Amino acid sequence: MSEFDAIVIGAGPAGASAAIRLASSKKNVLLVEKSDPPGSKNVSGGVLWGSSLSSIIPDWEKSAPVERFVDTKSVAFLTQDSKIGIDFSSKKLQQKKTGYTVLRAKLDQWLARKAKEAGAMVINGVTVEKLHMENGKVTGVEQGGDVITSDAVILCEGANPRVAIDSGLHKRLSDRDVAIGVKEVISLPEATINERFHLKSGAGFACEYVLGYLQNGVEAGGFLYTNKDSISVGIVVSMSHLRQNDATHSFDIIESFTGHPYIAPLLEGGNMQEYSAHLVQEGGIGSMPKLYGNGYMIAGDSAGFSFSNGLVLQGMNYAIDSGIIAADTFIEASKGMDYSESALKLYQDRLESSYVMKDMRTFKGIENVTWSPFVHKKVPAMLESLMLNLFMEEGKPKKHMTGMLLDAMSENDMLKASSIMEAYRMMRRM
Amino acid sequence: MVLEIIVMVKQVPDSQEVVIDPVTMNLNRSLTRNVTNSADENALEAALRIKDKVGANVTVISMGPPQAETTMIECLARGADRAILASDRFFGGADTYPTGLTIAATISKIGKFDIIFAGEESSDSSTGHVGPGVAEFLNIDQITYASSVDYEDGYVTADRELEGGTETVRVPTPVLVTVLLNSNSPRMQTLRRKIDAVKKGMEVWDHDKIGLQPEWVGVRGSPTIVRKMRPIKERERAAKKIDVAGLGDLARELYEKKILKLEEE
Amino acid sequence: MKIEDRLSVLNYKTDKSYAHITVKPDICETCPDHFCTFACPANCYTLIEGKLNFKYEDCVECGTCDVACAHGSVTWTNTKGAHGIKYKFG
Numbered sequence: 001m002s003e004f005d006a007i008v009i010g011a012g013p014a015g016a017s018a019a020i021r022l023a024s025s026k027k028n029v030l031l032v033e034k035s036d037p038p039g040s041k042n043v044s045g046g047v048l049w050g051s052s053l054s055s056i057i058p059d060w061e062k063s064a065p066v067e068r069f070v071d072t073k074s075v076a077f078l079t080q081d082s083k084i085g086i087d088f089s090s091k092k093l094q095q096k097k098t099g100y101t102v103l104r105a106k107l108d109q110w111l112a113r114k115a116k117e118a119g120a121m122v123i124n125g126v127t128v129e130k131l132h133m134e135n136g137k138v139t140g141v142e143q144g145g146d147v148i149t150s151d152a153v154i155l156c157e158g159a160n161p162r163v164a165i166d167s168g169l170h171k172r173l174s175d176r177d178v179a180i181g182v183k184e185v186i187s188l189p190e191a192t193i194n195e196r197f198h199l200k201s202g203a204g205f206a207c208e209y210v211l212g213y214l215q216n217g218v219e220a221g222g223f224l225y226t227n228k229d230s231i232s233v234g235i236v237v238s239m240s241h242l243r244q245n246d247a248t249h250s251f252d253i254i255e256s257f258t259g260h261p262y263i264a265p266l267l268e269g270g271n272m273q274e275y276s277a278h279l280v281q282e283g284g285i286g287s288m289p290k291l292y293g294n295g296y297m298i299a300g301d302s303a304g305f306s307f308s309n310g311l312v313l314q315g316m317n318y319a320i321d322s323g324i325i326a327a328d329t330f331i332e333a334s335k336g337m338d339y340s341e342s343a344l345k346l347y348q349d350r351l352e353s354s355y356v357m358k359d360m361r362t363f364k365g366i367e368n369v370t371w372s373p374f375v376h377k378k379v380p381a382m383l384e385s386l387m388l389n390l391f392m393e394e395g396k397p398k399k400h401m402t403g404m405l406l407d408a409m410s411e412n413d414m415l416k417a418s419s420i421m422e423a424y425r426m427m428r429r430m
Numbered sequence: 431m432v433l434e435i436i437v438m439v440k441q442v443p444d445s446q447e448v449v450i451d452p453v454t455m456n457l458n459r460s461l462t463r464n465v466t467n468s469a470d471e472n473a474l475e476a477a478l479r480i481k482d483k484v485g486a487n488v489t490v491i492s493m494g495p496p497q498a499e500t501t502m503i504e505c506l507a508r509g510a511d512r513a514i515l516a517s518d519r520f521f522g523g524a525d526t527y528p529t530g531l532t533i534a535a536t537i538s539k540i541g542k543f544d545i546i547f548a549g550e551e552s553s554d555s556s557t558g559h560v561g562p563g564v565a566e567f568l569n570i571d572q573i574t575y576a577s578s579v580d581y582e583d584g585y586v587t588a589d590r591e592l593e594g595g596t597e598t599v600r601v602p603t604p605v606l607v608t609v610l611l612n613s614n615s616p617r618m619q620t621l622r623r624k625i626d627a628v629k630k631g632m633e634v635w636d637h638d639k640i641g642l643q644p645e646w647v648g649v650r651g652s653p654t655i656v657r658k659m660r661p662i663k664e665r666e667r668a669a670k671k672i673d674v675a676g677l678g679d680l681a682r683e684l685y686e687k688k689i690l691k692l693e694e695e
Numbered sequence: 696m697k698i699e700d701r702l703s704v705l706n707y708k709t710d711k712s713y714a715h716i717t718v719k720p721d722i723c724e725t726c727p728d729h730f731c732t733f734a735c736p737a738n739c740y741t742l743i744e745g746k747l748n749f750k751y752e753d754c755v756e757c758g759t760c761d762v763a764c765a766h767g768s769v770t771w772t773n774t775k776g777a778h779g780i781k782y783k784f785g
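Quick mapping for you: the protein sequence lines, in order, are chains A, B and C. The letter at position 122 of the first sequence is residue 122 when you use my numbering, and the numbering goes up by one with no holes. Plus 430 on top of the position in the second sequence (first one is 1) and you've got my numbering. Plus 695 on top of the position in the third sequence (first one is 1) and you've got my numbering.
Because the hints were derived from the structure by calculation, they are not lab data. The reader is advised that the hints may include incorrect statements.
As the list claims (entries may be wrong) - In the DSS-like style, the derived pairs of lysine-lysine whose C-alpha atoms are separated by at most 27 Å in a straight line are:
#: 1; chain 1: C; residue 1: LYS775; chain 2: A; residue 2: LYS171
#: 2; chain 1: A; residue 1: LYS26; chain 2: B; residue 2: LYS629
#: 3; chain 1: A; residue 1: LYS290; chain 2: A; residue 2: LYS83
#: 4; chain 1: B; residue 1: LYS671; chain 2: A; residue 2: LYS27
#: 5; chain 1: B; residue 1: LYS671; chain 2: A; residue 2: LYS130
#: 6; chain 1: C; residue 1: LYS697; chain 2: B; residue 2: LYS671
#: 7; chain 1: A; residue 1: LYS96; chain 2: A; residue 2: LYS290
#: 8; chain 1: C; residue 1: LYS750; chain 2: A; residue 2: LYS116
#: 9; chain 1: A; residue 1: LYS137; chain 2: A; residue 2: LYS290
#: 10; chain 1: A; residue 1: LYS130; chain 2: C; residue 2: LYS746
#: 11; chain 1: C; residue 1: LYS775; chain 2: B; residue 2: LYS670
#: 12; chain 1: B; residue 1: LYS670; chain 2: C; residue 2: LYS746
#: 13; chain 1: C; residue 1: LYS775; chain 2: A; residue 2: LYS137
#: 14; chain 1: C; residue 1: LYS775; chain 2: B; residue 2: LYS629
#: 15; chain 1: B; residue 1: LYS658; chain 2: B; residue 2: LYS542
#: 16; chain 1: A; residue 1: LYS116; chain 2: C; residue 2: LYS719
#: 17; chain 1: B; residue 1: LYS542; chain 2: B; residue 2: LYS639
#: 18; chain 1: C; residue 1: LYS775; chain 2: A; residue 2: LYS106
#: 19; chain 1: A; residue 1: LYS27; chain 2: B; residue 2: LYS629
#: 20; chain 1: C; residue 1: LYS697; chain 2: A; residue 2: LYS83
#: 21; chain 1: C; residue 1: LYS719; chain 2: A; residue 2: LYS130
#: 22; chain 1: C; residue 1: LYS775; chain 2: B; residue 2: LYS671
#: 23; chain 1: C; residue 1: LYS775; chain 2: B; residue 2: LYS483
#: 24; chain 1: B; residue 1: LYS671; chain 2: C; residue 2: LYS750
#: 25; chain 1: A; residue 1: LYS116; chain 2: B; residue 2: LYS629
Stated by the list, open to error - One-sided and incomplete, this derived list gives chain B residues near chain A with beta-carbon spacing under 10 Å:
#: 26; residue: ARG463
#: 27; residue: ALA507
#: 28; residue: ASP511
#: 29; residue: GLN619
#: 30; residue: THR620
#: 31; residue: ARG622
#: 32; residue: ARG623
#: 33; residue: VAL628
#: 34; residue: LYS629
#: 35; residue: VAL649
#: 36; residue: SER652
#: 37; residue: VAL656
#: 38; residue: ARG657
#: 39; residue: MET659
#: 40; residue: ILE662
None of these values were measured; they are calculated from a predicted model. All C-beta atoms in this analysis are idealised placements derived from N, C-alpha and C, irrespective of residue type, glycine included.
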């Protein structure tokens, strides 16, 4: 007989959610996390979208260490001299809070505590070395020469899934699978943030940026989120574009972003409290590993669940829901004491009928849009010329909007059939 | 008869993360996480090495709030056999005197002991009082600032790092040994032992169980009064970059400023 | 702000007895691109007089170098025993 019903590797949103669900169903579950305390090696942008947690922690919004709810969501293009953005603020966002800014060291520690309270055994500060296999079936984990057995293992290791890679359940990551995320947390008094971003107490601002000013083919996105008394600001740079460039350091890009004429004033007077970096899953459905097999399931970032259409970046909500679905699959499988590949196929089926896989399929290929010269170079430049044409009053006769738009597009080489097709394909994928 | 070893440990704020509130002069605990005092990890390792060699029963004891559980579990997961936390609201606010008394009383309550280990000092208050204090309360010999410790046939042999040399002492048990920070590399917790540690858990003893009167311990039993605290003024550190070729000039400059001296002087 | 200043605010519990990332110097010596030196956000890979210098102590465990190195020089493992980077915010 196994020592545990299930072992969950990794106490991030996916692993902790799986452990909470399993423990709440009276399963004997071990949650193992390498960092101490849990969360102290985890990084995300981070806005937690959706209310996935409510199914395992009903009143989570009251007790979770969230920073601010997002009541202004923006997207913006940055060129060397300009910012062209869209702000969305809404009373509706205030009434129905759909996104919260979070800091993972705090959130994940809280989630691990919830798992412990639910009855899971939470062990942190110990790194699982590999999966234990018997007759082609995962039957536990190995550490320090010891084997800890379980009926099944749920791998929730995050964007850099070493155990899964070393056990042959996940291929080695390549340029097309991941981007590099680099972030700073900058402290500012709560009142200053409220004033600077026009926020009421508790309300937050979240914005994603296209860094259209980067030279030599580097493509990167930026983000800026307000926490209670700090700002999370960072960049996500494509590994392959950085490689082709071969002259820019990943850490120089965040410097250029935080120093941009329309970003720097937002951070002015703040103290940098933390600098961090992490891989970001960017490969979409093409980068996903096989999600289940004999005695195991993979959830969260390890499974490649993340979403970015340029307007919003999401990952934690997919992590939470995939963790819960993996736990539910285990609970279902435990009825027949069958944790074989064919029994755990239910995990894939349930994911397919949930928004997790539906989103992955709907937005198949989106990474080719979000990482394209069209979005990163042509669109920002075109928007800048359009705006300049609109507002530069030079005492000359004006054109209609459409005329100006066509001028701006032709200036930036966007009237070619190929560019129009590109725009059309892009819109379809978004 | 099996050797009985006691290890005194303390949970302290992570010294790398300590933030002092400039207004209240108190520790900003919201941003500070707790860890096991590093020198105590060396003390535990010294004890476990003796256990590996001759066999021993290792009991870790600490005084502190219930959240010290993480430290106690950690010690069990490294190889200790038993963990006792002296925890009671009456113990709060103690200076080193009642802390030593509480720990000594806890050890007396356990009964037999041969060697007591402690770290040289804690990183949060750096007094180095409690270990020697416990030895005095228990009226046993003590070896302080040990860099290496060995046990054979009823005797502890230890090297003491002193200014200008190393002293080797050999003392019969029972004896208390305080261990230097970084004097060994503590073994890691294993998953197996940590699971067992969580299952086993720690014992929590209050003043009643230990047999102490509330007025002897905690803030009431503490003779120390802190009159004033002041922050250290941070000085701008001046750095100067020089070429290897410029070394001669630098040496001359330092000599002229009387920072560098020539040997014959 | 220089990368050194950024890294100086971080808290590490350095594992003095185990380097969780190792590189193969003979591969690095003939490397045509040294992309690791551009990719690593913690500046762990630098060129000193044309020679690759790697230090694991500043590593933030992002995993970038393992993907960045296309020449098989990097061996990447998880840190052990809660060593390595300790983020306060994350």
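So, going through the hints one by one against the coordinates:
Between LYS775 of chain C and LYS171 of chain A the CA atoms are separated by roughly 23 Å; this keeps the pair inside 27 Å, and the hint holds. Proximity of LYS26 of chain A to LYS629 of chain B is assessed by CA-CA distance (about 17 Å); at most 27 Å being required, the pair is judged to hold. As the CA atoms of LYS290 of chain A and LYS83 of chain A are separated by approximately 42 Å, the hinted pair breaks the 27 Å bound. A hinted pair counts as satisfied when its Cα atoms are at most 27 Å apart, and LYS671 of chain B with LYS27 of chain A does not qualify at roughly 62 Å.
Simply put, LYS671 of chain B and LYS130 of chain A have alpha-carbon atoms about 47 Å apart, too far for the 27 Å limit, and the pair is violated. As the CA atoms of LYS697 of chain C and LYS671 of chain B are separated by approximately 16 Å, the hinted pair is consistent with the 27 Å bound. A threshold of 27 Å between alpha carbons decides the hint, and for LYS96 of chain A with LYS290 of chain A the separation of about 36 Å lies outside it, so the pair is violated. For the hint pairing LYS750 of chain C with LYS116 of chain A, the CA-to-CA distance comes to about 37 Å; that exceeds 27 Å, so the pair is violated.
Between the alpha carbons of LYS137 of chain A and LYS290 of chain A the distance comes to roughly 15 Å, so the proposed pair stays at or under 27 Å and holds. Among the hinted pairs, LYS130 of chain A with LYS746 of chain C is inconsistent with the structure: their alpha-carbon atoms are about 34 Å apart, more than 27 Å. For the given pair, LYS775 of chain C sits about 38 Å from LYS670 of chain B by alpha-carbon distance, which is inconsistent with the 27 Å threshold. At roughly 25 Å between alpha-carbon atoms, LYS670 of chain B and LYS746 of chain C fall within 27 Å of each other, so this suggested pair holds.
Pair hint LYS775 of chain C plus LYS137 of chain A holds up; C-alpha atoms about 26 Å apart against a cutoff of 27 Å. A C-alpha spacing of about 22 Å is found between LYS775 of chain C and LYS629 of chain B, which places the hinted pair at or below 27 Å, so the restraint holds. Note on LYS658 of chain B and LYS542 of chain B: the hinted pairing is violated, with a Cα-Cα distance of about 42 Å set against a maximum of 27 Å. Among the hinted pairs, LYS116 of chain A with LYS719 of chain C is inconsistent with the structure: their alpha-carbon atoms are about 42 Å apart, more than 27 Å.
Distance hint between LYS542 of chain B and LYS639 of chain B is fulfilled; the C-alpha atoms sit about 17 Å from each other, no more than 27 Å. At most 27 Å may separate the alpha-carbon atoms for a hinted pair to count; LYS775 of chain C and LYS106 of chain A meet this at roughly 22 Å. Of the pairs offered as hints, the one joining LYS27 of chain A and LYS629 of chain B holds, with about 16 Å between alpha carbons and a cut-off of 27 Å not exceeded. Among the hinted pairs, LYS697 of chain C with LYS83 of chain A is consistent with the structure: their alpha-carbon atoms are about 26 Å apart, no more than 27 Å.
Our distance criterion of 27 Å between C-alpha atoms is met by LYS719 of chain C and LYS130 of chain A, whose separation comes to about 23 Å. Taken as a hint, the LYS775 of chain C and LYS671 of chain B pair is broken in the structure, with Cα atoms around 37 Å apart against an allowance of 27 Å. Straight-line distance between C-alpha atoms of LYS775 of chain C and LYS483 of chain B comes to about 26 Å, which keeps the hinted pair within the 27 Å bound. Simply put, LYS671 of chain B and LYS750 of chain C have alpha-carbon atoms about 22 Å apart, close enough for the 27 Å limit, and the pair holds.
Proximity of LYS116 of chain A to LYS629 of chain B is assessed by CA-CA distance (about 13 Å); at most 27 Å being required, the pair is judged to hold. Annotation: interface hint on ARG463 of chain B holds; nearest CB of chain A at approximately 6 Å, less than 10 Å. A cut of 10 Å between beta carbons decides the hint on ALA507 of chain B: the least distance to chain A is about 8 Å, and the hint holds. Hint status for ASP511 of chain B relative to chain A: violated, with the closest Cβ pair at about 18 Å, above 10 Å.
For GLN619 of chain B, the interface hint holds, the least distance from its beta-carbon to any beta-carbon of chain A being 6 Å, beneath 10 Å. Of the supplied interface hints, the one on THR620 of chain B holds, with its beta-carbon coming within about 4 Å of a beta-carbon of chain A, less than 10 Å. Annotation: interface hint on ARG622 of chain B holds; nearest CB of chain A at approximately 4 Å, less than 10 Å. For the restraint placing ARG623 of chain B at the interface with chain A, the shortest Cβ-Cβ distance is roughly 8 Å, inside the 10 Å limit, so the hint holds.
Hint on VAL628 of chain B holds. Least Cβ distance to chain A is approximately 6 Å, under the 10 Å limit. Nearest Cβ of chain A to the Cβ of LYS629 of chain B: about 8 Å, under the 10 Å cut. The hint holds. Contact between VAL649 of chain B and chain A, as hinted, is not supported at the beta carbon level, the nearest pair being about 29 Å apart and thus beyond 10 Å. Because the closest C-beta pair between SER652 of chain B and chain A is about 31 Å apart, greater than 10 Å, the hint is violated.
With a cut of 10 Å, the hint placing VAL656 of chain B at the interface with chain A is violated, because the nearest CB-to-CB distance is about 29 Å. Given hint, ARG657 of chain B at the interface with chain A, is violated; its Cβ is 31 Å from that chain's nearest Cβ, farther than 10 Å. With a least beta-carbon distance of about 23 Å to chain A, the hint placing MET659 of chain B at the interface is violated under the 10 Å criterion. Hint status for ILE662 of chain B relative to chain A: violated, with the closest Cβ pair at about 19 Å, above 10 Å.
In summary, the structure is inconsistent with hints 3, 4, 5, 7, 8, 10, 11, 15, 16, 22, 28, 35, 36, 37, 38, 39, 40 from the numbered list given earlier, while agreeing with the others.
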